[in-house]
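Q: Here are the chains, one letter per residue:
Protein chains: 2
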Amino acid sequence: MYDALKNITFIIFDLDGVFYRENQSLEGTKEIIDYLNEENIEYCFFTNNSNYKIHRYKEKLLTCGIEVSEKNIFTTTKLIEHYLFENNLDNIYVLGSKQLQDTLYDKYTQNSINPNIVILGMENNITLKDISNTINLIDKDTQIIAANPDKLIPVKDGFELECGVLIDIIEEYTKKMVQVIGKPSPYGFDTILSKFDKQKSETLMIGDTFETDILGAKNANIYAGWINSGNKLPYNTLDFDFMSFKSLIELKEKIKEAKR
Amino acid sequence: MYDALKNITFIIFDLDGVFYRENQSLEGTKEIIDYLNEENIEYCFFTNNSNYKIHRYKEKLLTCGIEVSEKNIFTTTKLIEHYLFENNLDNIYVLGSKQLQDTLYDKYTQNSINPNIVILGMENNITLKDISNTINLIDKDTQIIAANPDKLIPVKDGFELECGVLIDIIEEYTKKMVQVIGKPSPYGFDTILSKFDKQKSETLMIGDTFETDILGAKNANIYAGWINSGNKLPYNTLDFDFMSFKSLIELKEKIKEAKR
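Line order of the protein sequences matches chains A and B. Mapping of the first sequence onto our numbering: residues 1 to 260, in sequence order. Mapping of the second sequence onto our numbering: residues 1001 to 1260, in sequence order.
There could be a bad hint or two in this list.
[Said to hold, decoys possible] Lysine-lysine pairs mimicking DSBU-like chemistry, simulated, CA-CA at most 35 Å apart:
1) B:LYS1129 to A:LYS156
2) A:LYS140 to B:LYS1246
3) A:LYS176 to B:LYS1156
4) B:LYS1060 to B:LYS1232
5) A:LYS151 to B:LYS1176
Everything labelled a hint here was simulated from the structure, so no lab data went into it.
Excised from the complex, chain A in its bound form (with noise of 0.2 Å):
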């Protein structure tokens, strides 16, 4: 499998957990971006955060000694506003984070009365009232989007539900199918490929995720690895054939060894 290392031209790389964790840069971030470059393999790093602003990641990048342009970035508000702009939409509605509110309505028509589309982010102050006025927004014409389908992700002092319980609710009560924009649907893996005009054959998903970054490469139809910094695998892998790496570190050995 490590053989297919051989011929990638492109790596998709997630950012929290294998870049860095908190504020913490993680092993080999500099070493493997200044392999990379010599060698001419093309990279960009996909986080399913909605958050912040792309900016705000180039800087942590820069902290981990890495210097990227923003068009190397792909962040589910990114992929949600190309998502607007492909399918020509307007008069949207946003659920979600302040700053993808603003990002969005800067650039579309905001309606919170009969919208196009309904788009789902995540807020930790989001109230199931606001929860209730969505649910009424949307009518059987009504788009809907989601960021991202994780439903839990660790923080300090236990856990934050995520954007996936906001899914759960609204697909139960409309009874309507929300489209996931980040991982692990294939649609921001397939937006950052023609992007970079890439092919599948030629791409590898580098993540410290199963459900989002590993699963997302299965589903796109990439290569894909595992960073083993601290996630458990889930006990069903689903015998998807993926490569597995101690850090960033033995990535860079290992390409280095198939290119041989």
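The hints should help you fit chain B onto chain A, whose structure is shown.
A: Coordinates of chain B only, in the frame set by chain A:
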């Protein structure tokens, strides 16, 4: 089936949709109560709501021309108090309305770190963060009870999520069972019957909602009568025998007929 009315000595009435809807008194409220008083048939009122104090319901019934003692009115808040008392529980945490919190914290110790029991009620201002915090309080020894299992209630401009959505989320994320106190759980019915010293075979539940009132009567093994005041019956009523009445007037006539 209507023959059973002959032996009824106790009626449990739902409130909203049976005696009033919003601020509108419904047909036959005074007539039925006057008749039951004449015939020495006892009765009480049982609502799944945990947001108002008992005296609010007493006042509401006065606008229907009926004067009853607060002892004859059961809210889920009152039944939760009974549950805590009966099970000798203290150190409680309440996720619900200010009324539910005030009433319970007045008599029981609020414990926001490791409560013995977590109590769920509905409140529009509950945030995803509040729900996350509650999940983080629950460990293997924490009991969880909920005021009512309703998922949606109709409001002027559509629907509002109800306590059932909290139950769904908490059960999914804690993998623990939530015990429901309100209808259609038998707990409330059994408590009321024991307080009035009544047998199941002499008791009738009258309500307008199949999923709470009629199913609740089935679960508690008492007779059930459905008031056809606008709510739809579900397609599948589970082959459960229940009586049907156009209004409280018809209920009075049918009892009269059976007792003749």
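Q: For a C-alpha distance cap of 35 Å, please report whether B:LYS1129 and A:LYS156 respect it.
A: holds, 14 Å
Q: Hey, A:LYS176 versus B:LYS1156, does the alpha-carbon distance stay inside 35 Å?
A: holds, 23 Å
Q: For the pair supplied as a hint, A:LYS151 and B:LYS1176, confirm whether the alpha-carbon distance does not exceed 35 Å.
A: holds, 17 Å
Q: Taking only the CA atoms, is the gap from B:LYS1060 to B:LYS1232 under or equal to 35 Å?
A: holds, 25 Å
Q: Do the alpha carbons of A:LYS140 and B:LYS1246 lie within 35 Å of each other, as the hint requires?
A: Holds: A:LYS140 and B:LYS1246 sit about 33 Å apart, inside 35 Å.
Of the hints listed earlier, there is not a single one the structure fails to meet.
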